[in-house]
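Trainee: Next come the chains, spelled out residue by residue.
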Amino acid sequence: MATIGILLTAGPFQFENWETAVDIGEAALARGHGVKYFLYLDGVYNPIEHQTFPDLESMPKDRVQALVAKGAQVIACGVCVNARGLQKGKDYIEGVQVGGLPDFAEIVSEVDQLVTL
Amino acid sequence: MAQKHVLVTMNHAPYGSIYYTEGLRAVVGVTSGIDEHTVDVLYLGDGAYYALKGVDRRDSLKYLGTLEKLGARLKVERESLQRLQLSESELAEDIEVISRDQALDLIRRADVTIDF
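If you're matching them up, the sequences are chains A and B in order. In terms of our numbering, the first sequence opens at residue 1 and continues consecutively. In terms of our numbering, the second sequence opens at residue 118 and continues consecutively.
With the rest of the complex left out, here is chain A:
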């Protein structure tokens, strides 16, 4: 089985990159592959626990949570997190880690394919 890396730089509620990233991750996990996400730039907004939006049935954070529960690794760039006032990810859903670019370098080491979204 393969390991897929996803670099997500877009935030929720403006672009659909997050949804594509989640769809790819779900499909890969369903086929037994490993999935590792690195959230960079506005991508770090996706796993915030207190998201609400009236017209969406499920929030980005709910789908990220489901991925984590199925074994996906999700690491957010700490510089990006703190730059956006997210205070070391204190309002993140459970299971999302805050790290740094050396973690991304490690993901690059480990994956068979990397997708940038």
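These are calculated hints, taken from the structure and not from any lab test. Model, not experiment: these values are computed from the prediction. Just so you know, not all the hints are guaranteed correct.
[Unchecked claim] Taking lysine-lysine and the DSBU-like style, the derived pairs with C-alpha atoms no more than 35 Å apart in a straight line are:
1. Lys170(B) - Lys192(B)
2. Lys70(A) - Lys88(A)
3. Lys179(B) - Lys88(A)
4. Lys179(B) - Lys192(B)
5. Lys88(A) - Lys186(B)
6. Lys186(B) - Lys170(B)
7. Lys90(A) - Lys70(A)
8. Lys179(B) - Lys90(A)
[What the hints assert, rightly or not] Under 8 Å between C-beta atoms, here's a sample of chain A residues computed to sit facing chain B:
9. Thr3
10. Ile4
11. Leu7
12. Tyr40
13. Gln87
14. Glu106
15. Val108
16. Leu114
Yeah, the Cβ is synthetic: ideal placement off N, Cα and C, and Gly gets one too.
Place chain B on chain A using the hints.
Mentor: The following block gives chain B in isolation, referenced to the frame of chain A:
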């Protein structure tokens, strides 16, 4: 774990968004892990504007300095320059112009490609 060769394509112009500077920060970050991945940086599309002389590099100078120490070359695709009607005589000295075929070869040879 293994060292990989990473091609980073810069597709955004060096103004109007943070992609350019933050992309270079990520490039340097990619080289910082225990495996010390090697990188090439290729300017494509609107990213080719960065190759011009006189572009304000203050935000990116430290990242470019690190890449230079690592031996990474900055490359721009000739076809991107042509599409933007930019002349090779207008380019900064540290930029290498390559053809689209050479760009495709870089992509083929890279273990991982990242675009910003």
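Trainee: When the nearest CB of chain B is found for Gln87(A), is that gap smaller than 8 Å?
Mentor: 20 Å, violated
Trainee: Does the interface hint hold: is Tyr40(A) within less than 8 Å of chain B, judged Cβ to Cβ?
Mentor: Result: holds, 7 Å to nearest chain B Cβ.
Trainee: Checking one constraint from the list: CA of Lys186(B) to CA of Lys170(B), max 35 Å. Satisfied?
Mentor: 21 Å, holds
Trainee: Is the Cα-Cα distance between Lys179(B) and Lys192(B) 35 Å or less?
Mentor: 18 Å, holds
Trainee: Going straight from one Cα to the other, do Lys70(A) and Lys88(A) come out at no more than 35 Å?
Mentor: 24 Å, holds
Trainee: CA of Lys179(B) to CA of Lys90(A), is that 35 Å or under?
Mentor: 30 Å, holds
Trainee: Would the stated hint for Leu114(A) survive a check requiring a Cβ distance to chain B of less than 8 Å?
Mentor: 5 Å, holds
Trainee: May I ask you to test the interface hint for Leu7(A) with respect to chain B, counting a Cβ-Cβ separation under 8 Å as satisfied?
Mentor: 6 Å, holds
Trainee: Going straight from one Cα to the other, do Lys170(B) and Lys192(B) come out at no more than 35 Å?
Mentor: 14 Å, holds
Trainee: Does the interface hint hold: is Ile4(A) within less than 8 Å of chain B, judged Cβ to Cβ?
Mentor: 12 Å, violated
Trainee: Has the given pair, Lys88(A) with Lys186(B), been kept, meaning a C-alpha gap of at most 35 Å?
Mentor: It holds: about 32 Å lies between the C-alpha atoms, which stays within 35 Å.
Trainee: Sort out whether Lys88(A) lies within 35 Å of Lys179(B), counting only the CA atoms.
Mentor: Between Lys179(B) and Lys88(A) the Cα gap is close to 25 Å, so the pair holds against 35 Å.
Checked against the numbered hints given earlier, this structure breaks hints 9, 10 and 13; the rest are met.
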